[in-house]
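Enquirer: What follows is each chain in one-letter form.
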Amino acid sequence: MARMKFLCDAERCIECNACVTACKNEHEVPWGINRRRVVTIDDGIPGEKSISVACMHCTDAPCQAVCPVDCFYTTDDGVVLHDKDICIGCGYCFYACPFGAPQYPQEGAFGARGKMDKCTFCAGGPEPDNSQAELDKYGRNRLAEGKLPLCAEMCSTKALLAGDGDIVADLFRSRVVRRGGRPDTWGWNTAYKD
Amino acid sequence: MSLLPTAMINKADAAQRRQHSYDEGEITKKRSVCTHCSVGCGVVAEVQNGVWIGQEPSFDHPFNLGSHCAKGASVREHGHGDKRLKYPMKKVAGEWQRISWDQAIDEIGDQMLAIRESAGPDSVYWLGSAKFNNEQAYLFRKFAAFWGSNNVDHQARICHSTTVAGVANTWGFGAMTNSYNDIHNSKCIFIIGANPAEAHPVSLQHILRGKERGGKVIVVDPRFSRTAAHADHYIRIRPGADIPFVWGMIWHMFQNGWEDEQFINQRVYGMDEIRAEVAKWTPDEVERVTGVKEADVFQAAKTMYEHKPGTVVWCMGITQHTVGNSNTRALCILQLVLGNMGVSGGGTNIFRGHDNVQGATDFGVTSNSLPGYYGLSQDAWEHWARVWDVDYNWIASQFDQASYEELNGSPVSPMFTNGITVSRWIDGVLEDPENITQKDILRAMVLWGHAPNSQTRGPEMKAAMEKLDLLVIVDPFPTVSAVMNDRQDNVYLLPAATQFETYGSLTSSNRSVQWREQIMAPLFESLPDHNIIYRFAEKFGFADQLCKHIAVNDGEPLIEDITREYNRGMWACGYTGQTPERLKLQLANLHTFNKTTLKAEGGPCDGEFYGLPWPCWGTAEMKHPGTHILYDTSIPVAEGGSPFRARFGVEREGQNLLAEGSWTAGSEIEDGYPEFTSDMLKELGWWNDLTAEEKAEAEGKNWKTDLSGGIQRVAIKHGCAPYGNAKARAIVWQFPDPVPIHREPLYTPRRDLVAEYPTYEDRRNFYRLPTRYGSIQAQDFSQEFPLIMTSGRLVEYEGGGEETRSNPWLAELQQDMFIEINPADANNAGIRDGRQVWVEGPEGGAVKVMAMVTPRVERGVVFMPFHFGGHYQGEDLKDKYPEGTAPYVRGESCNVVFTYGYDSVTAMQETKVSLCRVRPA
Amino acid sequence: MMKKIISIVFATFILSACYEDTSVTLHEPGVYKGKRDTQTMPAEEREALLKQRFNQVQTDR
Ligand code: SF4
Ligand code: SF4
Ligand code: SF4
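Residue numbers (the numbering used here), protein chains in the order written: chain Y, 1 to 194; chain A, 195 to 1115; chain G, 1116 to 1176.
Calculated from the structure, these hints are not laboratory results.
These numbers were taken from a predicted model, which means no experiment stands behind them.
Dumping the calculated EDC-like pairs for lysine to aspartate or glutamate here, alpha-carbon to alpha-carbon at most 20 Å:
# : chain 1 : residue 1 : chain 2 : residue 2
1 : Y       : K147      : G       : E1159
2 : G       : K1166     : Y       : E145
3 : G       : K1166     : A       : D254
4 : Y       : K147      : A       : E240
FRET-style restraints, in silico, Cβ to Cβ:
# : chain 1 : residue 1 : chain 2 : residue 2 : range
5 : Y       : P183      : A       : A657      : 53 to 61 Å
6 : Y       : T40       : G       : Q1167     : 27 to 35 Å
7 : A       : K742      : Y       : S131      : 49 to 57 Å
8 : A       : I935      : G       : Q1167     : 56 to 64 Å
9 : A       : L601      : G       : T1174     : 55 to 63 Å
Glycine residues also receive a C-beta, built at the ideal position from the N, C-alpha and C atoms.
Just need the whole structure built from these sequences, with the hints factored in.
Expert: Following this line, the structure appears as structure tokens:
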């Protein structure tokens, strides 16, 4: 069975934010919500590196473990999704998540937080595939169309890879062999146990 | 809990927009090209019921393989167009009023005709755009010619005009010689004065592939840019010291015998004079002037020598200087010394800016040439009059009949003299009429697809806008032009459609011509640029001449007919083979092109290069594949080979300017030869290779003016390049500095170098205007304004930024205009990161921006991005925009502080070195 | 001295962790309570498609 993973190749990432706007574009994500973002270390000095981060779709996802209403599930493809209909926007998953992925839209006049939103690996949610309900709540479902997440598909340098963990790792390994140096699978130790 | 990331309330006006479900109707796919930079990334749009509902990666596309940067990945936002200018508007007593297209064209046209009557045709300035497609650019230049003025120009003037002039005068054509994809084959990638990781992000895909295949990346820049972060070797240089640095590298090459002797002997003229200049640039002197240590210069030179072929990449860090033309030539010479020209993996990979700035340049939206670099000579006008099939005398009669300049002692008509450049239009308004070499000052200004905030001297521009009789802005957005001035009346805003709302061809940086399909109908009341051009032509009474051989449907000149018309005239740079049919066929077969060589392997385009990169010689029937790599002599001309162009005569001071012992594969003339003419064909005994029809047309013509294409066909049949086979020239004897020499910037902090490396003397008439050099440099501003100020780009925005700052997906990522300042300078001035500061320049401009304290810039240097606008000297101009059109993000334009200074050949503006001071606000 | 600082840091950590823990670790993760996610395509079929897609789009070529 395929197991979807993200990998960002820090040697190639140029902090161009294509992945971020591709995500906004595909799902019409509103201003202030960022399912994906780019983090830069050592900004402006030799050694500067950038990594594009979103929900990693962890094995035994910590968000899932803390959710008081049990709204998370993991799909056959290893994608961690949630049901917004029962999410209460409590914010626990944000604290549990090692990658700071969950986001909460501002809703209502008193600043009450809305339902959690995060990267879906372009796989929608628990509504019928590509139905209007799925689209409105979770965005497009590319996996159901045989396509992969748009952020990776549009990455300017093909730094960001998304797909079955084994083929992602194979491609990355061959790249590292060609260029030399250490393979740095950023975030994988934290996120994946399989 | 307040730590949780929640949406910002104040940006609630970035409306939540509904996604369209796939079930709502049939979905068609349209192929277009990103409009945000010259890489030319393919875009695939999904359209449903006329609405652009989805964007897919164009993974078959040879340039981007599906990739985009932030801008390209967000182009579908154009389909929303919330902040667009929605209908024609006019400012009356300080208020914006909606008007109809008819009223707008009538009122503007009447005023222009009145100005024409009283002040002559040169008092109206037609500022065009690199956002036009090729057809629109060509039509716009033709339109200006029929209006009767050379006061027409576009952004190329302020981005790569110095490249075009410097490079074309070195070896023939002023364009990128290889391609982004070809960098896969580079063993060394030398990037100077360019930040492609932000300005041309998808090019990094190719650069990093070159790097992963063993290529060494060297980045020379005053800033440790995001490109520098990926370099093997980063070298920090003082802004404005590029020539000394390059000479310093070549000094080591000559010292160690690293030059390519054979290449230089066969294919380069004038290297001895370069040797003499380079000899002065000893490592000590280089360090004194550039700040770069000998070890770094030596290492860069050695890396380039040891890793061949190597390519040189440059952008605005090289071009936007008073010595811009010399900078570009110095880099050409570097490649000539190494013999890196005309080879895969080598070349000068000059990254152009806007998506179609190469095309708009080729089609002559410039004040110094007609389409195809024919210039403004009588021959050029006669050539185009023949192509247009209009009477030459009628065109001449449209111009001002008086003369204001002399050429070789006799007066010349303004028809043959360079017009005012876009960089100087403000002086065309503000200068004393006595000093301008045309009838009168500029009285009407048309900014057609141009961001004023990309130009220096903001306060003077504001004054110029206010002094004009008439200000017309044609653009999809109101632009900063609509708000930066305090005019109360007589400003018109005409909504133009974007390139996603029309179709046609464009030329990407590597000279590839691509075809765009129309994605959606023009939004709101906007019209495509060629419709608007046509409407003005109707008003002025020359629409029939303008479209004599172009079908017009419903007020829209037929794009394909325009392409066919320029195919009949653009012989000089080989735009004759790219017919609409061939371009569309390539578009349908993107997947057949090799992603490194750009050559189609099988399929209907077999053997062609992607985009038929110009020169694509002869008529389309010749099936020339285009020229992927310029000056590559290893393949026949018929297959895309070429020698250096014979453009500068055959002999000078007894020395042979033609190539010696070098020719393209299969050439029947196995030596240098001049450009082809009908006489030359006769001398060679090849005249009878022409058909009877070709003979009739070719008689007395040359390869550039023979409309039958016969001369080109026969030359190529015999393996020869139509333009001859010459040496590249290291010295350009017509230029102010035949050998590139260092000259300190006008606003230099290094007063100790001014006496030795002074700038030019002031000039009386340069593109119709007096131009100052020495009189500015003579003053010392460095005490009061101690910091060197430079500018550049951010990945999220393009140019003046109006379009991209109106796109919420991009705007959210860069919300504040800022200045990068070194921690030491910040601490000395009491400036804290993230706080507001005032940046003040020596000409009186000041901007209030956010401080970004970072070691990215060194001590003594500050950097600002130039994409912001909508604030002016501390004030937000939001309320001056027509309702609902203010961009999401507004900020100060750095060019309010940037100062005077123009290149000595092209009048390119100096934006890479000036002085300023910074204090807490 | 050093020891003292470390113990203070440690204590703060415990304190804050305590507060968080009351709300987080008392919860027993249960079974997913949301709607069942129906898939239009069998997982195997999708796997093959996605693999093909990966090679088409994300490799260097
Ligand atoms: S990255 Fe965060 S949100 Fe995503 S699965 Fe892991 S814990 Fe959950
Ligand atoms: S698109 Fe790719 S290169 Fe650009 S920021 Fe995202 S991961 Fe990095
Ligand atoms: S801006 Fe340039 S690099 Fe970015 S997607 Fe558009 S064409 Fe490609």
